[in-house]
Amino acid sequence: MDRATVEAKMTDLLVDELGLDRGKITMGAKFEEDLEVDSLGVVELLMALEDTFGVSIPDEEAESIATVGQAVDVVMQKLKG
Amino acid sequence: MPGRVALVTGGSRGIGRAIAVRLAANGCRVAVNYHTRSDAADEVVAAIRAAGGEAIAAGGDVGDGDAVAAMFAAVESGLGPVEILVNNAGITADDLLLRMKPEAWESVIRTNLDSVYHCTRAALRGMVKARWGRVISITSVAGIAGNAGQANYAAAKAGIIGFTRSVAKEVGSRGITVNAVAPGFVGTDLTDALGATVREAVLPSIALGRFGTPPEIASAVGYLASDDAAYVTGHVLVVDGGLGF
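Read top to bottom, the protein sequences are chains A and B. Counting in the working numbering, the first sequence runs from 1 upward without gaps. Counting in the working numbering, the second sequence runs from 1 upward without gaps.
Isolated chain A (complex conformation) (with noise of 0.2 Å):
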């Protein structure tokens, strides 16, 4: 899956699962500061992104997942395994 495919489908899980406005979604864009995330949506975001990539991704590597453009690097960083 390349970056771009990984990117539009992050957007469609962000607006589909948690009810985001597609219009302010960016790759630089903050989950808990500009997406008004609270804490239980970023736990919904992880397991949306396991269900849909088929990837795990732990609670230490979750932490470090501020932005969008992040979430697909990790995303992309699991899929090439």
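Hints listed in this document are in silico derivations from the structure and should not be mistaken for laboratory results. Where hints are given, some of them may not hold.
Derived DSSO-like pairs (lysine-lysine); straight-line CA-CA distance at most 27 Å [stated by the list, open to error]: (1) A:K78 to A:K9; (2) A:K30 to B:K169; (3) B:K129 to A:K24.
Got chain A; can you put chain B on it based on the hints?
Same frame as chain A, now just chain B:
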């Protein structure tokens, strides 16, 4: 619209059976969990179906995380994601603390409290996604007032109350309510085991002068599971006939 999917742990006997029957009568599609008594669970399922309701039996040891995962998968394929979870499964292994063996402590904590962790965690995933859910755990007045000979049971039941209030705060923003029902003395296999002398000694401390019945506990659960209770969360509803106040 099909009814909501409810899972009642320990639903084959006593209070759990009455809860399963009540939720089915209220229009829920009910999974009746059992551990060892598949015959009793089948009987509850048959009774619900005979009354025009929908139910399935769902076996599994709720103190075991892997068994809980398997049970939830079975319920989801049979009825759909669990929308109403009733943590009812419970055992006793009474003894004065000085004589209480580690096995008596561990088995009661495992079945009565670990089960609430495993099942609620498994159910919440779908509830968070659906932005709706009801978690109702059966605690006990023993968990509030304490009871000699039941340090293990009371500890597990008090643990359920702290768990309920914490999780209510975690998931309230997602339309999920988390509550507990605290029965007093209710006529079941558990209280029959107390013996006649103990039962007679307790009666004067109950304002209503009698033990409760399983359907009387089930109706409190039915309320908390309903849309009428949408603004009630983190609450412990005591249903004890006015015990010792």
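The hints, checked one at a time:
Of the pairs offered as hints, the one joining A:K78 and A:K9 holds, with about 15 Å between alpha carbons and a cut-off of 27 Å not exceeded. As the CA atoms of A:K30 and B:K169 are separated by approximately 24 Å, the hinted pair is consistent with the 27 Å bound. For the given pair, B:K129 sits about 22 Å from A:K24 by alpha-carbon distance, which is consistent with the 27 Å threshold.
Violated hints: none; the structure is consistent with every hint.
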